[in-house]
Each structure stands twice: as C-alpha cells, then as structure tokens.
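What follows is each chain in one-letter form.
2 protein chains.
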Amino acid sequence: MNSIVLAMGNGKAMFGDEKVSDSELLTFVDPHGANINAFDLSVLRGDGIFEATTVWKGYPVSLENHLRRLANSAAMMDMPTPNMDALTRGVEQVIEQYDDPEPGPLLRIIVSRGLDEGTGVGKAAQRVPTVFMFLDAKGTLHETDPISMASMTRGYPSDITSRAPWLLNGAKTLSYAFNCAVHRECDRRGVGDAVLYTEDGYTMECPNSSIVARYGDMFVTPDPSIGILHGTSQRELFAWAQQEGKKITYRKLPIEELRDADRLYMAHGGWVIPVNELDERSYDYDAAEIEAMNDAIHTGRTHDDALNIAPSMAA
Amino acid sequence: MNSIVLAMGNGKAMFGDEKVSDSELLTFVDPHGANINAFDLSVLRGDGIFEATTVWKGYPVSLENHLRRLANSAAMMDMPTPNMDALTRGVEQVIEQYDDPEPGPLLRIIVSRGLDEGTGVGKAAQRVPTVFMFLDAKGTLHETDPISMASMTRGYPSDITSRAPWLLNGAKTLSYAFNCAVHRECDRRGVGDAVLYTEDGYTMECPNSSIVARYGDMFVTPDPSIGILHGTSQRELFAWAQQEGKKITYRKLPIEELRDADRLYMAHGGWVIPVNELDERSYDYDAAEIEAMNDAIHTGRTHDDALNIAPSMAA
Chain A
7 MNSIVLAMGN GKAMFGDEKV SDSELLTFVD PHGANINAFD LSVLRGDGIF EATTVWKGYP
67 VSLENHLRRL ANSAAMMDMP TPNMDALTRG VEQVIEQYDD PEPGPLLRII VSRGLDEGTG
127 VGKAAQRVPT VFMFLDAKGT LHETDPISMA SMTRGYPSDI TSRAPWLLNG AKTLSYAFNC
187 AVHRECDRRG VGDAVLYTED GYTMECPNSS IVARYGDMFV TPDPSIGILH GTSQRELFAW
247 AQQEGKKITY RKLPIEELRD ADRLYMAHGG WVIPVNELDE RSYDYDAAEI EAMNDAIHTG
307 RTHDDALNIA PSMAA
Chain B
7 MNSIVLAMGN GKAMFGDEKV SDSELLTFVD PHGANINAFD LSVLRGDGIF EATTVWKGYP
67 VSLENHLRRL ANSAAMMDMP TPNMDALTRG VEQVIEQYDD PEPGPLLRII VSRGLDEGTG
127 VGKAAQRVPT VFMFLDAKGT LHETDPISMA SMTRGYPSDI TSRAPWLLNG AKTLSYAFNC
187 AVHRECDRRG VGDAVLYTED GYTMECPNSS IVARYGDMFV TPDPSIGILH GTSQRELFAW
247 AQQEGKKITY RKLPIEELRD ADRLYMAHGG WVIPVNELDE RSYDYDAAEI EAMNDAIHTG
307 RTHDDALNIA PSMAA
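As given, the protein sequences belong to chains A and B, one line each in that order.
Just so you know, we're using this note's numbering here: the first sequence kicks off at 7 and counts up by one.
Just so you know, we're using this note's numbering here: the second sequence kicks off at 7 and counts up by one.
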C-alpha cells in the first residue's frame, strides 16, 4: 500500500518553460531512502520555499492559492517562477499513486534553489531548483480538537516588512528553525500553539497557521502587509463566512483586541481548528460550526470564492 | 584525488555517549550522490546547527572554539549535547582522506535534529541527530582582498535576545534563508557584504562573519549578548592583537561609531579580511598587517590564547 508517496520533480519543467511529457515530470522514489544531495541548499541553508495542505478524499484543498503563494514566495526569494501547470500535473500524479484508506493525508511541495554553488559539487552542477513533493498518511494529521495558545513576541516592529525585505517576512521559506523553537517553547508552557505579535503590539500569525478572531458576525484577521503569510485556509474560512452572510475584514489587530474576541480560530493546511484558550483566557467554541466550516472547505464549496478573497476587497 | 571529502557521521556517537571504534565513527560517501533523506529536518525545516572553518595545511583552525560554539547552539536549540571527542576524531579522519594540493579547503560540520517525527518516515525512525561533515577544495575559498560593505537593519531591538530566546539569536542554525537574502541584497547594491544593526542602532554582525573595528590600538567588537554569534576568527584576531600589545574590548557599539573606526576587519572561517568601504565611506588597510594576522591564525600562534578570549575578560 502506498501510504507515503514521495516524488522528485523535474526542476526544469516545474520552475521553467521546459515542456515535458507526464512521464518525465516526476520520479517516484523510496521515501525511506536517501534522495537529497548533502550540498543541496535546502540541507545546508534552508534556502528554499514550500507549501502544505490536506488532500481530502483525493481533493487537494486550496491548491491554486497554495501555488500562487509559492509563486509569491519564489519572487520574494529571487527564485525562478514556478510553472503552475507542471506543478498541478505533478500533484495529480502523486495523488494517483496514493491508496491508503486514510481520507486526509498531508501534501507538501518543497523547492530549494538547487545545489549550493558555493560548494564544489554545486559549482560543477547546473543551476536547477530541487523540487520534491510527498503525500503522507502516516505522519501527524490534522485534528479539530480545540487548542490552547500563548502569545509571544516576534521581535519585529509592525512596519519592518517594507523597510527590510531581506528579512523575507511573508515568504514561506524552508528556514523554519524559529518556528520549531516557538513550538518547543509552547511545550514548555503547556500550550498547544502560539500567536505571535509585533514589538508594537499587533497580532501577526501562528508559527505555521493563521489566526482569525470573531466579534459577533465580523471575522477579522491581520492584514498580511504586516509581514505574515496570506493564509490559504483562512481565505477558505472567510469564504465560508461570506457565504453564511457574515462580514470579513483584514486589518491591523492589536493583541489586546485579539484577546477580547468572542471566538478564535486557527486555520492551516485545509483545516479550521477552534482556540479555547489564549493567555489563560477561555473561549467558547461550537463543534458543529467547526465541522460545518471544515466540511465546506473539504467538499470544495468555498474553493472558488476563496480565490477572490483579498485584503483590498474585504469590508 | 580526494578534493571533496564527504562523510556521514554516527549520530549516536557524536551526539551521545555511545562509544564506537574509529571505523564506526564515519561513513565516507560519494559527494555527488544522494545521501540525505527527504524527511530530514535539515531539508524540511532548516532545523539544525553547523560550524565552518578552514583547514590550513591539515590544521583545522579554531576547532575547539567551533565545537564549543556548536555545543552552545545545540543547547539553545534543545538538541542533544555534542560529544567533543567523537567529533574531533571525525574531523581528523576527514582531514586524513583529503589529498588535493589546495592548502586551505573549507570544513563544514552539519547537524540536524534527525528525521522529522511529524512525518510518517520520521515517526517510524529512531530519534538520532543526522550528522555529516565535509572538506571541500572546489567551492568558494577565502581570499583576503578588501571587501566593501553596506549596513542594514536586522529588524530586532538590542534587548530582544534575553526577552525572546525562541528567536534563537546567537545560535548558528541551518535556517540561513535570511542570511542568503542579505547577500542577494548586497549584490543588488554592488557591495561585497553587509553589517547588520539593531533597530535602536547598535552594530551586530555580518550574515556569516564578525565585524571588528579598530580605533588606534583598541580593537572593538559587539558583545555577543546583543544576540549574535561569538566569533571564532574574531577571537583569533583578538588574541593576535593582545600578543601585539594592543587592547581589545567587547561592548555595545553604535553603528555610527562603527563608521568612525580607523580600520575595519571582517573575520570568519579562519580568516581576517580588510573592509575598505562601509556605507560609501573609505577605510585604509595594510595588506602586510592582514597577512601577519592570518599567518598567526593559520600557524596556530593565536590558538591557545583565543580559547580564553571572552567578553568578561576583555578590557
């Protein structure tokens, strides 16, 4: 049974214009083997980008928005432009190989700049991005159990992103040591996750998810221009809210105001998860509502609307 | 000829107490092959640490200080403690395999937390750090040509490190996407490297090196408590300065004061390199002095003294 499908992508086709047949797009490899060169920039420098989502019963949730965000990350990282068609075909091929009964395996697409040209191996090689993708039913999968959170500083002021683009705030890079460290800090504090804020007190995001606050019928999330990712699952949630006649808005959201929300939602990887505690304050949640949100997302009901959700159109 | 030597280390011996014979310490592998699993935390998260130095005519420059700093990074990252003896023996074995005529190949030691236990492959595997090291004569090697610099903000205030240890400031992690981005920004600006400063205007470090300012006979470098690495080559340079009857000090150094230095030095990987320009201001340098510094470092003259250089003893 193929419970973990790992495929190495054709970098010239997926990050370039080279047209290849379906059979030349991916090479399926043994997930337990060694498939990456030690001089790859993913290994040596975390110098690459990625996206992750759930494939629910064969449907890759928010795939277009994930690929658009991958393209945005690539641009911020001065990497070549992803070929949307080739990447989409690659994802389809990976899904076709999967045959585990688990309905919601995790898909991840990883791209590095290629081999490090500062090393002898990289200097002698062609400059081609390293691309691979996997579908995994055996790792940590999403649950909708309510999660507790603590807020922590990200260390940056809220205006840093436009002043210092070299910080790569808003790019989804492979340099996740900080994100992993925040999760270890959460373990130490006995909470499930963290919400980060700027030094001047504005809400940002969680280490690998978006945060959405609800005040009555208004759903609010921080504007991505503060230097955070534009959430893919958050956009699906906003699409659901609009379909249900609620209001949505992107804005600067003081962390004190986040704490005053009626409800809090964490969104990532194709899932909305209720937050039941932030900084030792408790929040209500409605399990039926959470199920309705996730059903709408997983069945594709919110898909088309989510493609058009953006800060400028929200009101 | 072995111009690039790559060896996979025994993680249980190098980051643990398992005693192994010399023949079980390392496995030499083809540098051009695939040796890393795609689910390794180095690949997926940049979740690991490293050190790099020059091996000059068989002598690994500042090796003890590099291994001590690796241990410090490991502690900051909640990773197991490195076994200094096993790592030192590993380095010696790698050096023995090298036979290129180049006298100064680069040595790098890379350690990740191991396979990602959030993935199916990692969940099924043992929790052992992934360790590898290489000696490379064919990549970019150090030169002592004078280098131009621009200063750029790091985005953090100077007091962030004690308040937010989850930012990992001062740990040498594999998450170097930011450092790579700064170097691309340098390319855009037409300068050789960058010196980073805090939001409140204090000098930090360069993306992969230390900065040292000279005022008359006084050599100054920022105190590492500001959230930077404690430079290994900078300590060799400080040892040289003391041997030559000069003064050394670690302190908070405003970026304006850095610009007012008589001379500026960049130090990394076992080399001191003169800075001839910072923010379009020119600096003198003495090629003979630079050569004397590097000779002292490479012949081991400064080695023992450098082991005792630290902020608390400087005056």
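Simulated from the structure, these hints should not be mistaken for lab results.
Quick caveat, the model's predicted, so the values are computed rather than measured.
Certain hints may be false.
Same chains, same label: a pair holds when it works inside one copy or across any pair of copies.
With a cut-off of at most 30 Å between alpha-carbon atoms, the simulated BS3-like pairs for lysine-lysine come out as follows [what the hints assert, rightly or not]:
1) LYS129 - LYS25
2) LYS63 - LYS258
3) LYS252 - LYS18
4) LYS63 - LYS144
5) LYS253 - LYS25
6) LYS252 - LYS129
7) LYS252 - LYS25
8) LYS129 - LYS144
9) LYS129 - LYS63
10) LYS144 - LYS25
11) LYS18 - LYS258
12) LYS252 - LYS63
13) LYS144 - LYS252
14) LYS258 - LYS144
Results for each hint:
1. For the homomeric pair LYS129 and LYS25, the shortest alpha-carbon distance inside one copy (26 Å) is at most 30 Å, but the shortest distance between copies (37 Å) is not.
2. Taking identical chains as interchangeable, the C-alpha atoms of LYS63 and LYS258 are never at most 30 Å apart, the minima being 36 Å within one chain and 57 Å between chains.
3. Neither within a single protomer nor between protomers do LYS252 and LYS18 lie at most 30 Å apart by alpha-carbon distance, with minima of 44 Å and 55 Å respectively.
4. In this homomeric assembly, LYS63 and LYS144 come within 30 Å of each other (Cα to Cα) only inside a single copy, at 15 Å, whereas the closest approach across copies is 48 Å.
5. In this assembly of identical chains, LYS253 and LYS25 lie within 30 Å of each other by CA distance neither inside one copy nor across copies; the values are 44 Å within and 63 Å between.
6. For the identical chains of this complex, LYS252 and LYS129 are neighbours neither inside a copy (55 Å) nor across copies (41 Å), given an alpha-carbon limit of 30 Å.
7. Taking CA atoms no more than 30 Å apart as the test, LYS252 paired with LYS25 passes in neither setting, with 44 Å inside one copy and 64 Å between copies.
8. Proximity of LYS129 and LYS144 under a CA criterion of 30 Å is satisfied inter-copy only: 8 Å between copies versus 37 Å inside one chain copy.
9. Taking identical chains as interchangeable, the C-alpha atoms of LYS129 and LYS63 lie at most 30 Å apart only when they sit on different chains, with a minimum of 23 Å there against 43 Å within one chain.
10. For the identical chains of this complex, LYS144 and LYS25 are neighbours neither inside a copy (33 Å) nor across copies (33 Å), given an alpha-carbon limit of 30 Å.
11. For a Cα distance limit of 30 Å, the shortest separation of LYS18 from LYS258 qualifies neither inside one copy, at 40 Å, nor across copies, at 48 Å.
12. In this assembly of identical chains, LYS252 and LYS63 lie within 30 Å of each other by CA distance solely inside one copy; the values are 28 Å within and 70 Å between copies.
13. Taking the closest pair of Cα atoms, LYS144 and LYS252 never come within 30 Å of each other, the shortest separation being 37 Å inside a single copy and 61 Å across copies.
14. Taking the closest pair of Cα atoms, LYS258 and LYS144 never come within 30 Å of each other, the shortest separation being 38 Å inside a single copy and 49 Å across copies.
In the structure shown, a violation is registered for the earlier hints numbered 2, 3, 5, 6, 7, 10, 11, 13 and 14, in ascending order.
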